[in-house]
Amino acid sequence: MISEYLTKDNINLGFKAENWEAAIKKSGSILEANDLIEPEYIDAMIEMVKDKGAYIVITPGLALPHARPEKGAKKNGLSLLTLKEPVEFGHSKNDPVKVVISFCAADDSTHTQMLSELAEFLKDKKNVNYIKEVGSKKELLSYFENYDRGGESNEDLDSMRSRTGQQSYS
Amino acid sequence: MKILTVCGAGQGSSLILKMNVQDVVDELGLDADVDNDNISTARNSGADLILAGEFHEDALEGFEVPVITVSDFMDNQEIKSKIQNFLEKKGE
Chain A
1 MISEYLTKDN INLGFKAENW EAAIKKSGSI LEANDLIEPE YIDAMIEMVK
51 DKGAYIVITP GLALPHARPE KGAKKNGLSL LTLKEPVEFG HSKNDPVKVV
101 ISFCAADDST HTQMLSELAE FLKDKKNVNY IKEVGSKKEL LSYFENYDRG
151 GESNEDLDSM RSRTGQQSYS
Chain B
1 MKILTVCGAG QGSSLILKMN VQDVVDELGL DADVDNDNIS TARNSGADLI
51 LAGEFHEDAL EGFEVPVITV SDFMDNQEIK SKIQNFLEKK GE
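Protein chains in written order, with the UniProt record's numbering: chain A, 1 to 170; chain B, 1 to 92.
Chain B with its partners taken away, still in its complex shape (with noise of 0.2 Å):
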């Protein structure tokens, strides 16, 4: 699975919740590539799922990729719960 991160610029919020992403993918033992991105090329970028804030919902809809976004960057246990929602809907 291939995961993306993605804010404004793609260089900081993004860079910062990829770090902590990586940290839930790898409690979780999910076998996936963590990445950042800004969001203009995001929708092109072939992930499976995309996180993002919660700020840029707007940007996001119509995307065809899964997105989820999250409005506490730095608590682990809310990208957490959100990647096991998203994990269970899919099936997995």
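Pulled out of the complex, with its shape left as it was, chain A reads as follows (with noise of 0.2 Å):
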């Protein structure tokens, strides 16, 4: 369920990044408030990218930084973070960046189920869009609530779309 991954405590909208590496700070800074990281977690998140590059960005306009388990990582967990205004990552094609969903996994294995469900949310555009220009944190927990019931989206157009298994790029 992805609105057990992403509650409350785990999501900020708006924030103002000057760069990437702000970004990625606040963004861990939200795993670390939940006791779900140790602060040299969030630091080696961003050497990752500083060592293998901007890869994390996986999809337009959404990064996914982590870091190896035995980097400081506690329990799994998820944050997610929206920019006020994007940043450059450093990725050819998916710069610039709104959405910056960190994780963090206790060991190799049983973060496969967590990330299973946020990739299955994120394979749908429609929900990355609506992450994207979202402006209240109310109104995305009862989107993730409404979704992990397999509820009917706000669009009626679309849930047919993604229930007869078509691409909607709306």
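Hints are computed from structural coordinates only; laboratory data are not their basis.
As the structure is a computational prediction, the values presented were derived from the model and not from experiment.
Be aware that one or more of the hints could be misleading.
[Said to hold, decoys possible] Computed footprint of chain A on chain B; a stretch qualifies when at least three of its residues, placed anywhere within it, have a C-beta under 8 Å from a C-beta of chain A:
| # | stretch |
| --- | --- |
| 1 | 1-12 |
| 2 | 42-56 |
[Claimed, not checked] Derived pair list, reagent style DSS-like, types lysine-lysine, alpha-carbon separation capped at 25 Å:
| # | chain 1 | residue 1 | chain 2 | residue 2 |
| --- | --- | --- | --- | --- |
| 3 | A | K132 | A | K93 |
| 4 | A | K50 | A | K8 |
| 5 | B | K2 | A | K93 |
| 6 | A | K50 | A | K126 |
| 7 | A | K123 | B | K82 |
| 8 | B | K82 | A | K126 |
| 9 | B | K82 | A | K125 |
| 10 | A | K123 | B | K90 |
| 11 | A | K50 | A | K26 |
| 12 | B | K89 | A | K125 |
Backbone N, C-alpha and C define an ideal beta-carbon position, used for all residues, glycine too.
Hints in hand, dock the two standalone chains.
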């Protein structure tokens, strides 16, 4: 359940980040505030981008920062940060980034379920676009709850498309 | 066929890519195992096909294993058409 991982305590909307590092820092601080990581995990997420590049921008406008479990991850968890102004992460095609979803995994295997649910959610562009634009945390939380219930989305046509397996790029 | 998805840590992006590649493999009815790993161990993995982000194109250069790169990990249409192209070229 997405609403299980992304609660009112794991979400921050409209953050003003001056650059990608500030965005990851803020995103990581949400994990830390929820006692999911040790502080050094945040530095490890930044190091990962410096070291391996901005490949964490997995889809246009969305980055998925993370580090290895042994870098200070305590439990499995997610945080969601949206940026007031998009920032460049250094990805040739998927920049600029508006949504930062950081995750931490306690080990190499148990986070699979969490990421699989996240992937399922992000696969529908409508959901990604919704997160990019949403301004109210309350609305976003009910969107997640509605999604988890398998409920109808706000737009009937889109929900119909997603049921029949067609792609929606609205 | 053994398909490997790779990324820097072998734990986040490659796992998400693996899930979507698995969907495509199921949809196409291919007989393939999909696994994910980090890029540094991918070379000697014994895979028949590697999928990675376009970002890793340079790091994957010179691999003997065929490599497909995708820009949007969440776009199954892109993944599907690239795998189909690969299979056609391979003559299957």
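Outcome of the hint check:
{"no.": "1", "hint": "1-12", "result": "holds (count 5)"}
{"no.": "2", "hint": "42-56", "result": "holds (count 4)"}
{"no.": "3", "hint": "A/K132 <-> A/K93", "result": "17 Å, holds"}
{"no.": "4", "hint": "A/K50 <-> A/K8", "result": "30 Å, violated"}
{"no.": "5", "hint": "B/K2 <-> A/K93", "result": "28 Å, violated"}
{"no.": "6", "hint": "A/K50 <-> A/K126", "result": "31 Å, violated"}
{"no.": "7", "hint": "A/K123 <-> B/K82", "result": "17 Å, holds"}
{"no.": "8", "hint": "B/K82 <-> A/K126", "result": "23 Å, holds"}
{"no.": "9", "hint": "B/K82 <-> A/K125", "result": "20 Å, holds"}
{"no.": "10", "hint": "A/K123 <-> B/K90", "result": "28 Å, violated"}
{"no.": "11", "hint": "A/K50 <-> A/K26", "result": "17 Å, holds"}
{"no.": "12", "hint": "B/K89 <-> A/K125", "result": "30 Å, violated"}
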